[in-house]
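K.L.:
Those protein sequence lines, which keep their order, are chains A and B. With our numbering, you'll find the first sequence wraps up at 112, consecutive numbering, no jumps. With our numbering, you'll find the second sequence wraps up at 1110, consecutive numbering, no jumps.
Read the hints as simulated data drawn from the structure, not as lab findings. Hints are supplied without guarantee of correctness; some may be wrong.
Unchecked claim - Pair by pair, the computed Cβ-Cβ distance ranges are:
#	chain 1	residue 1	chain 2	residue 2	range
1	B	E1079	A	N84	38 to 44 Å
2	B	E1056	A	P8	40 to 46 Å
3	B	G1095	A	P61	14 to 20 Å
4	A	P61	B	T1010	28 to 34 Å
5	B	N1067	A	D38	27 to 33 Å
6	B	E1056	A	K69	40 to 46 Å
7	B	S1028	A	S67	45 to 51 Å
8	B	A1029	A	S67	28 to 34 Å
As the list claims (entries may be wrong) - Computed footprint of chain B on chain A, listed as stretches where at least three residues anywhere in the stretch have a Cβ under 8 Å from a Cβ of chain B:
#	segment
9	32 to 42
10	104 to 112
Keep in mind it's a predicted model, so treat the numbers as computed, not measured. Backbone N, C-alpha and C define an ideal beta-carbon position, used for all residues, glycine too.
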Amino acid sequence: EAQVTQNPRYLITVTGKKLTVTCSQNMNHEYMSWYRQDPGLGLRQIYYSMNVEVTDKGDVPEGYKVSRKEKRNFPLILESPSPNQTSLYFCATHPLGPGEAFFGQGTRLTVV
Amino acid sequence: GENVEQHPSTLSVQEGDSAVIKCTYSDSASNYFPWYKQELGKGPQLIIDIRSNVGEKKDQRIAVTLNKTAKHFSLHITETQPEDSAVYFCAAVPGNQFYFGTGTSLTVIP
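For reference, chain A alone in the conformation it holds in the complex (with noise of 0.2 Å):
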């Protein structure tokens, strides 16, 4: 069964404490991304990948940072986070070229 797992599911932290989303897909799919969800604003990139050591910045990259080391991984760190970034997140992954995107169940991270 295609899955993208993220972890946690919820999460509510204090501004300046570091920490990580991860994101697993087990679809081999060369493309990653992480996305923002706000009311009214739809879904913002953050930050993809089109492959392992291949990252770059989406539309909303400020305050966050990405690493690729293996194909199926894909983690979203928050070196200090702040209150602008409570937020619903989500992983996505969908092969190169045109085709369907998956995405996973979502983080809701609450920044105090």
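Based on the hints, put chain B in the right spot on chain A.
P.N.:
Chain B only, in chain A's frame:
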């Protein structure tokens, strides 16, 4: 980069009626246009897509139309049912990057 606009932001219809959601895009390089449905507490899931060499595609009660000249595409849901209630997102894809609209919250009233 690509800019996708989606309308309306909210839509309420009576069960059995049709619903139409419209999107426009700006980048003529976009060649793939998927539609996603997001139910509460879940990630978006693909419901239908269309490529730039096709003008219309239908899958049971769902259809998508594409007008490349005008740079707009639409989602049509006929005979709506309460389980169609969700948030719907359009996207335009030039190359590999997805650009999403801001979403339409559809409510089907029984």
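K.L.:
Name the hints, by number, that the structure is in violation of.
P.N.:
Violated hint (a single one): 7; every other hint is consistent with the structure.
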